[in-house]
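Student: Here are the chains, one letter per residue:
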Amino acid sequence: MKYSDELKVGIALVVAALLFILGLRYFQDLPLFDTTDGYYTLMDNAAGLSAGSAVRVSGVPVGAVRRIRYAPDARQVRIDFYVEKSVDIPEGSHIAITGLSQLGDVKMDLTLGPAGRDLIAQGEQVPSQEEDLFGDLAERAPTLFNRADTVLVGLDRVLSGVSRQLEQPDSDLRRTLQSLEETSTTVDRLLETEQQRLAATLDSVAVLTESLNRLVDTGEENLDLTLEDTRQLIGRLDRNLDSVESSTDRLDAILTKVENGEGTLGLLVNDPTLYHRMDSTLTRVNTLVEDFQENPRRYLQELKLVEIF
Amino acid sequence: MLDRRFLAPIEALGQYVLLLTKAFQSLNEVSIYRKNLFKQMVAIGIESIPIVALAGLFSGAVLTVQTAYQLESPFIPQSIIGSIVVPSMVLELGAVVTGFILAGRVGARIAAELGTMRVTEQIDALEAMGLNSIGYLIVPRVLAGVFMFPVLYITATGVGIAGGVGVAHYGDFLSAGEFVAGARQFFSPFDPMFGLLKAFVFGFIITSVACYKGYYTGGGAEGVGRSTTEAAVLSCVYILFANLALAILIL
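Here the protein sequences come in this chain order: A and B. For the first sequence, the working numbering gives the first residue as 1, with consecutive numbering after it. For the second sequence, the working numbering gives the first residue as 1001, with consecutive numbering after it.
Each hint should be verified, as a subset may be incorrect.
No farther apart than 27 angstroms at their CA atoms in a straight line, the calculated lysine-lysine pairs in the DSS-like style are these [stated by the list, open to error]: (1) B:K1022 / A:K2; (2) A:K85 / A:K107; (3) A:K8 / B:K1039; (4) B:K1022 / B:K1035; (5) B:K1035 / A:K8; (6) B:K1022 / B:K1039; (7) B:K1035 / A:K2.
The hints are simulated quantities; they were obtained by calculation from the structure and are not laboratory data.
Could you put the whole structure together from the sequences, leaning on the hints where they help?
Tutor: Here you go:
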């Protein structure tokens, strides 16, 4: 079938126009065929927002910014935006700019008011809420930088003072460092000279440890034996102690008897007559011995054992 | 002789402007060029769609692959590729690639057509028959260029972006969703308008320069060849200048 030139051209133009409009809407993140509602808001600072930036409700894109311009009479920025028709904006809703303008990722977050309230009419103002955390940071950055600067200047001064001190040959710091160096040199030298002795000491310690070790190894059996002997000894001692105990008991009985004056020993201990007799006997023996010393002849004449002559 | 050489370009400019003035004066004589206009629109516009779409497809695809190659960094989100490819196509490549192709395809064709008519004295014959040759030959061609060039621009840009998305998606550079998300992030509705404006301007430059070169051809078959070459080359040069001028003036 042959089409007329007019038809071909017409079709091309219509298709191109459709493609253009739909493409525009598609990349603006608009519904391709649905209509939208327009609103506006006033803010002090547009903060990197641009036409086409998304408008989101609970993180879901529902619209976009149509136009941003400065409103001289309000001395504020007027932001025109639109949202899908299905999204109703009740009274009490507010809108805020979020995202990082440095990353080009600036959006508007629409927070809807409680359901059931009267709706904000199309083309009317939605109150704005400025919660510009990063803008704040950016504004405060210069003072921060200044403070950092002063800190750095102070640090600089300190460092230059230190370097001046170091440059002067008579400065305290320099002298301190020098003596520190000397000290470390001395310690070094000391360590060097003592090194041999130290090594020898350590060697002998090692030997000692080794022999101790060996001793412990070989002594183990002896120790066992000794322990066994000791155990036997203790057993015997135990038994001896038992017999000592019984002896003591018996001794006790004997002593009790002695105390009561029973038996020979008891009488000996308790009856003083033996003592008196012995005393008198000894006194007499004494006089006899004295007499013997004075007059030995009296007794020796009679005491001839063998009479030879 | 020296001042003649200095004055020649200015004389040519004057001749060009006068020709266009005469053409615009005959704009309201619709009946003269109406039939011819649609013929030219088909010849200039509809028949150029395949080659322009092909060029757009490949520029979009190549741009995507090369952007992905250049941006291979863990700190840059992949979606940035979409943010670069789409505005590049919309602002620059869609219009300029189309312009260059049409400078060769359409500019040469118009200059050769009109040059041959001039050389074989067909234009004189039209004039002798009392027909407004400018209105009959030049107006429909320039109008066809101005009307159809935006169509070709839209085709090239659309197919180019589609090619970019296709290569990104099936070449495992980034998914179509990421690509579109990146494109949306930095999309400004003004960009396509600017591209469309460029398309109008380029369409006008190519067809009017070609018509001028063809209409004032002289010197037989050799002259026709020279006019054709000059039409194609000068269209390209003026497109470049116009591109820069528009970017500086409007962006």
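Student: Does each hint hold? Answer for all of them.
Tutor: For each hint, the structure was consulted:
no.	hint	result
1	B:K1022 / A:K2	violated, 35 angstroms
2	A:K85 / A:K107	holds, 19 angstroms
3	A:K8 / B:K1039	holds, 10 angstroms
4	B:K1022 / B:K1035	holds, 20 angstroms
5	B:K1035 / A:K8	holds, 14 angstroms
6	B:K1022 / B:K1039	holds, 22 angstroms
7	B:K1035 / A:K2	holds, 17 angstroms
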